[in-house]
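Peer 1: For reference, the chains in residue letters:
Number of protein chains: 2
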Amino acid sequence: MTEQTIGQQSIQFQNAVSILSGAAIVGKKEGEGPLGDAFDMIGDDPMFGTNSWEEAESTLQKEAVGLAIAKAGLQKWQIRMIYAGDLLAQSVASSFGIADLQIPVYGLYGACSTMGEALSLGSMAVAGGYAQYVLSVTSSHFGSAEKEFRFPLGYGNQRPLSATWTVTGSGACVLGREGGKAHIAGLTTGKIVDYGLKDSQNMGACMAPAACDTIYQNFMDFNRMPEDYDKIITGDLGQVGQKILWDLLMEKGYDIRGQHMDCGIEIFDPETQDTHSGGSGCGCAASVFAAYILPKIEAGEWKRILFVPTGALMSKVSFNEGQNVPGIAHAVIVENAEKGGE
Amino acid sequence: MTEQTIGQQSIQFQNAVSILSGAAIVGKKEGEGPLGDAFDMIGDDPMFGTNSWEEAESTLQKEAVGLAIAKAGLQKWQIRMIYAGDLLAQSVASSFGIADLQIPVYGLYGACSTMGEALSLGSMAVAGGYAQYVLSVTSSHFGSAEKEFRFPLGYGNQRPLSATWTVTGSGACVLGREGGKAHIAGLTTGKIVDYGLKDSQNMGACMAPAACDTIYQNFMDFNRMPEDYDKIITGDLGQVGQKILWDLLMEKGYDIRGQHMDCGIEIFDPETQDTHSGGSGCGCAASVFAAYILPKIEAGEWKRILFVPTGALMSKVSFNEGQNVPGIAHAVIVENAEKGGE
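Line order of the protein sequences matches chains A and B. Using this note's numbering, the letters of the first sequence correspond one by one to residues 1 to 342. Using this note's numbering, the letters of the second sequence correspond one by one to residues 1 to 342.
Careful, some of the hints might be misleading.
The list cannot tell twin chains apart, which means a pair is met if one copy fits it or any two copies do.
What the hints assert, rightly or not - Listed next, the in silico DMTMM-like pairs over lysine to aspartate or glutamate satisfying Cα-Cα at most 25 angstroms (straight line):
{"id": "1", "residue 1": "K316", "residue 2": "E146"}
{"id": "2", "residue 1": "K76", "residue 2": "D221"}
{"id": "3", "residue 1": "K316", "residue 2": "D100"}
{"id": "4", "residue 1": "K147", "residue 2": "D199"}
{"id": "5", "residue 1": "K147", "residue 2": "E321"}
{"id": "6", "residue 1": "K181", "residue 2": "E271"}
{"id": "7", "residue 1": "K231", "residue 2": "E301"}
{"id": "8", "residue 1": "K76", "residue 2": "D247"}
{"id": "9", "residue 1": "K71", "residue 2": "D37"}
{"id": "10", "residue 1": "K29", "residue 2": "E271"}
In short, the hints are calculated from the structure, not lab data.
One chain only, chain A, in its complex shape (with noise of 0.2 angstroms):
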């Protein structure tokens, strides 16, 4: 067994697990929006054919996987495992998106924070010899999570603009041990983080201080500054929790005003969609990944990044119960396979 740990929360892998492909399906409002050109697939029906948002967000898992594995020259049978997760309650989507493809699942829930673990303990398995390839992603439906969380879409409830609008789409990589033109080279696993926050409108301030608690270790563990990487990710913090972020790290001595760059933000035109804070779900930060940013690390424009896709860590129980609304965000350091340690 050879030691694959760094400092205190993070894995470097002694052998970088390529990222074969990526493929994003989304809805209508995020086709519309600036990353529009970049997405593989993009559904005019909000429902995508279905009777349900809930079986429309499993059609986007479906499309998502059936696209990656088909980018990646790949069959079906050869996905030793699937790494799956959604925000809905008991993780449906998940479940009723990639059953029919009978491989063996992990089934996941990180809140936003999913497509991190799934990268995660998907790279760790590739790494650790338990698959030449797996398969990781996550969705999320914006009809399905206002339902879960929010209020009923036809009671036209007014929006703080602390809120952030949940993204219809879905992302999936296909990781694997050799090939491809970006790497996993390591990660940083999240801890739970609450600051006491209530205010399930306002996610981006409940997730920024576990974001900047996940990229400081990992600045800590690999010896790192914010130049070392060539982007900062986070997953849906919004304009909010950008900036408490960008705070948050500046009272630890780091400004990653330079390097950071925010899915929720980058999806949507403040100017012309309306969103307030920007968007948010499983699927935001796995589309925006496997659509935009990957194909960047492959191109060679960006060399090395840190992906951290930061979850929310409430349900409507918890919430209606009074709970505090932790955070949690998961760090994936992604690197150019040739540029990557330059």
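For this one, chain A is given, so just place chain B on it according to the hints.
Peer 2: What follows is chain B alone, placed relative to chain A:
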């Protein structure tokens, strides 16, 4: 990198992973059952000193984790990662139960199969060189589960005979690289298996096909017969699911009646405790494993067992929308450290 796969869906560790400790805490009814003497702690108060069933369940996890770490002779900072899950929407029992520990966490959802998933991913992390020590924990609570999946307790509805009784309990295990009298030698990752059943009050029937699929695949991948295991132990099929599992495996040519045991059948006394088909829940398999199964392996009474927690993948929403209830089962091979290879 060393190849650690075997067959189609299984992993055979080059270095078996040690189970250093197991701890279980349960509620009053479970404490009055046939395994009552085996549990580390029995709580008389169903609220465990808190204000809600959800907080009570979180307390169960916290106590079980603390006990397991202490029994392993470790401090909490030595645990590099926790693999945790429960049955509640957005896994809030875990999130709030283990946040205070400040240990990196991977949240899991596999319904009642989650302890199989937690032991699988935890042992993969240890054997892959990603951690010296990890911890696997799951929980369930009768009150929180009834509220989540069925009817308000005050409604007093009549339960069909095929229904199971959610166990109030939590089980936790510390895994490590060496030491301990029990080893995880390998595992078989489950697929989602859907026979088209829709009755959430008969989860045993919904899960039995998945248990059959995983056990059969384990026999194929390791080229084993039922007799190669002292016990084949499912999670919570109950009386109804057990018969279906026996029949399904018999159709494939395997008679496991001599080896089969089900945690849900063992934990309650059918004569005096009236739980209909038996016990169920994430906490059922986990607490029975930690309190009853693990000591028998450590003592050498059982040399090798197959532990197969079973889960029913559904939510209130998927059920109300008329979806099926598919199942999943994850198998873990646990051996006595000295006699396991005999």
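Peer 1: Indicate, hint by hint, whether the structure satisfies it.
Peer 2: Hint check results:
In this homomeric assembly, K316 and E146 come within 25 angstroms of each other (Cα to Cα) both inside a single copy, at 11 angstroms, and across copies, at 16 angstroms. Taking identical chains as interchangeable, the C-alpha atoms of K76 and D221 lie at most 25 angstroms apart only when they sit on different chains, with a minimum of 19 angstroms there against 36 angstroms within one chain. In this assembly of identical chains, K316 and D100 lie within 25 angstroms of each other by CA distance solely across copies; the values are 21 angstroms between and 30 angstroms within a copy. Taking identical chains as interchangeable, the C-alpha atoms of K147 and D199 lie at most 25 angstroms apart whether they share a chain (17 angstroms) or sit on different chains (24 angstroms).
Proximity of K147 to E321 under the C-alpha cut-off of 25 angstroms is found in both arrangements, the shortest distances being 18 angstroms within a copy and 14 angstroms between copies. Taking CA atoms no more than 25 angstroms apart as the test, K181 paired with E271 passes in neither setting, with 35 angstroms inside one copy and 63 angstroms between copies. Taking the shortest alpha-carbon separations for K231 and E301, only the intra-copy value of 11 angstroms comes in at or below 25 angstroms, while the best inter-copy value is 56 angstroms. For the homomeric pair K76 and D247, neither the shortest alpha-carbon distance inside one copy (45 angstroms) nor that between copies (30 angstroms) is at most 25 angstroms.
Only within a single protomer do K71 and D37 lie at most 25 angstroms apart by alpha-carbon distance; the minimum there is 17 angstroms, versus 56 angstroms between protomers. Within a single copy, K29 and E271 get their C-alpha atoms as close as 14 angstroms, which meets the 25 angstroms cut-off; across copies the closest is 59 angstroms, which misses it.
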